[in-house]
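Number of protein chains: 2
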Amino acid sequence: MGSAADAAGSAVDPTVLEALAAVVGAEHVTGGATAAAELSDYAHDEALSIAAQPPAAVVRPGSTAEVSAILRLAAGRRLPVTARGTGTGLSGAAIPRPDGLVVSFERMNRILEIDTENHVAVVQPGVTLAQLDEATAAHGLSYPVYPGENGASLGGNVATNAGGMRAVRYGVTRQQVQGLEAVLPTGEVVRTGGKLAKASTGYDLTQLIIGSEGTLALVTEATLRLYPRHPHQATVLAPFTGVDEVAAAVPKIVASGIGPLVLEYIDALTMAAITQAQELDLGICEQVRESTQAYLLVMLDNAVADRLDEDVQRLGEHLVSLGAADAYVLPGPAARRLVDAREKAFWTAKAIGAQEVVDVVVPRAAMPEFLRRARDIAERHGSFVAGCGHAGDGNVHLSVFETDPQVRYRLLRELFEAGMKLGGLISGEHGVGRTKKRYFTELTDPVNLDLMRRIKHAFDPAGILNPGVLLD
Amino acid sequence: MGSAADAAGSAVDPTVLEALAAVVGAEHVTGGATAAAELSDYAHDEALSIAAQPPAAVVRPGSTAEVSAILRLAAGRRLPVTARGTGTGLSGAAIPRPDGLVVSFERMNRILEIDTENHVAVVQPGVTLAQLDEATAAHGLSYPVYPGENGASLGGNVATNAGGMRAVRYGVTRQQVQGLEAVLPTGEVVRTGGKLAKASTGYDLTQLIIGSEGTLALVTEATLRLYPRHPHQATVLAPFTGVDEVAAAVPKIVASGIGPLVLEYIDALTMAAITQAQELDLGICEQVRESTQAYLLVMLDNAVADRLDEDVQRLGEHLVSLGAADAYVLPGPAARRLVDAREKAFWTAKAIGAQEVVDVVVPRAAMPEFLRRARDIAERHGSFVAGCGHAGDGNVHLSVFETDPQVRYRLLRELFEAGMKLGGLISGEHGVGRTKKRYFTELTDPVNLDLMRRIKHAFDPAGILNPGVLLD
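Protein chains in written order, with the UniProt record's numbering: chain A, 1 to 472; chain B, 1 to 472.
With the rest of the complex left out, here is chain A (with noise of 0.2 Å):
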């Protein structure tokens, strides 16, 4: 939503402004009355259907140890805080509470060590996925997540527990955090696991902490698992006459040990959205693609050149024998802009009018029939949804087109039922968040409520961290 929808944050007691101003220094510090536009670009993240709501007041600091003073000063005060990175989230968990702070790492933002020994990464939260990536490469090293946006922070990947198309190959977010320093909402500052590969000494924080969305502690440092960057890579596309088709294929493209670095799918009406909008075409003759209901996007890499040119022509071979009605190389330009557009469908639903963006996870063989009921739920409701996901990973994102909020409300809380019960869940990689909330609670059995409500109160008995985000 616009600026336009913005309420004003609460007046902040003045004594609030004072007390930041000496912890991080005045000018990192925006509040006050004079302050509604600064606040403003604090009101919102990318989540659609939600209205942008500015805080009572933003606070920048510059160490761990301002952000332990700020959390002090919240604690003794009851604010509400919101952590924010750069604001790239699609569910709202950036989204702060009139009558709280938001803590920006904007700061934060320094790649504080690349250990070549160890292949890790240790970063502040305000980093960038790009600016890692840049920084890796100079060594042969990459961090292989790549949720789509690389403007993201990797303090907001952490908080999401961000996935990508790479995942398949990598995981996600998860399987690359090794250790955490972490402020608790009493301003104790707690360092879990380090460059560690493993370990077995207590309760594992770090994941604890990986995808609670601000909930739990504030991140201040991520200890992050590096990789060999491979030199070669090539790019498939493959068209199916239907999704069945692609979701068979699927999992004996993985055991076929090609190893793919990506496997999207893409149905056809989302690759004519996303290659118009990008104005790409792809070189695929106008018959394939009008049998075609979706595509298979197929990376490969490999250290050894030879190896890469076998393996694609082991894949292309294999596509076909699934059923493909053929497998298109595609050269790098065009492999580098359809990948960009395909990491853009966020954009293009959005420039097209979608209401909002779901990420169901299912069982990855499930996708079909979670896809076949999807369609089905919104063309009863008079809807429309279309999509592209990770299909090595079962995970959907479908764009929703309904105008209207009860009927939207109806059709999401369906779709995420017909996930759940293919043995699925609400979301693979965006979150909670606030979008999701009202679906989160009201469908997940109480007995799992109830135990991630204990484990809220065991970090933050008063509830200041990111209220009304993820559980009420």
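Heads up, some of the hints might be wrong.
Since copy identity is lost for identical chains, a pair holds within one copy or between any two.
[Said to hold, decoys possible] 20 Å max Cα-Cα, derived EDC-like pairs, lysine to aspartate or glutamate:
| id | residue 1 | residue 2 |
| --- | --- | --- |
| 1 | K421 | E442 |
| 2 | K421 | E221 |
| 3 | K421 | E113 |
| 4 | K421 | E117 |
| 5 | K252 | E310 |
| 6 | K437 | E279 |
| 7 | K421 | D115 |
| 8 | K437 | D326 |
| 9 | K252 | E117 |
| 10 | K344 | D133 |
Honestly, the hints are just simulated from the structure, not real lab data.
Source: prediction; values computed, not measured.
Given the coordinates of chain A, work out where chain B should sit on it, guided by the hints.
Same frame as chain A, now just chain B:
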């Protein structure tokens, strides 16, 4: 310790035995005055340096509903409960309380499903690694965690976050578990995750239960990730003049993109002990053997035979350029026997009189420094340490030879402190259990310990699950 040290379990209230019998059938309950011999089978795991302790009673449930009923009963009577798989743990986490119950999962030993579409196995906790390996092999798939004891149960593996030699390629248990069914100390059944490669839908209860050593919930079902089984394997053994040289070689081998399946170091003494114990002649000439302080054991595998041969060639050249005296490609039978001997290193250490075995984990580049400090610490106490370890993971397995318990306590405490000062933790894969609890609670930051205690309380306010393990 042997059965000579067994203390008798407390006399058990006969109404408890009757109530348990009503749940699982009398033939699946052991307890009472005449059962001492049977109870002593459940009095220990494989931990050294800790007295066996028979429980008051043993109950062998056949289903999740029975586990739930047992926990309701235990909660009502405030009976301590210790879960037991096959009793192969090394830290005493399966040693019960004299006034408590052992819940043995020996009857819940079925593989419920091998799902070849989603590449997952669904298993009960009593299933062993050997059983799962056989079942997955039939489908060309494999479960990659090999902690060196194929008789270990999956329930136990989940409880300690088991690792093993292949973790350098595939990660540890934590990376394989996609979902759990578990029973809370209230008897409530919680289902977490699913056949899902990823999720961002609330706190990750799956990850929190993994590695919690039976103190948070009893796992009754696990959904495990499977991988294509590569048909071609090769094993290369490289002698080095020092551990420093081994440790320096490790990141370079990882960065080369060869992607080793196994990357182990074995010190000269341990190599002599395990090859002698297994009557294994590796054909390494005496001159090389005498100048060798440490061996690097590398296993490669591939779906394509030619690629494996090329990689072995490249690896051999690489190892020699990194300072190895030579690179021996071991013939299949010798390779299998050496890996087997390495897996049995614990038994060899026990046989030659080690009083304790530890598995400190450090950043892998800190391994030589840790080993130097460990030798110094041992020397200062007039003691002796030797070992081997997962070089790719920085997980150092040391056998400790020191008969005086007071000296051993100081020595172990200094070893753990040395590891922690280098950024490590007390245990990489064995767990804290009972044997390392004192060190863990003395050396861990109180902020972390308090948080863990609050999490324990959130799951188990009455404290009936494995009291005395991990935390007090």
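Checklist entry - What are the numbers of the hints the structure violates, in ascending order? => result When the structure is compared with the hints, numbers 6 and 8 turn out to be violated.
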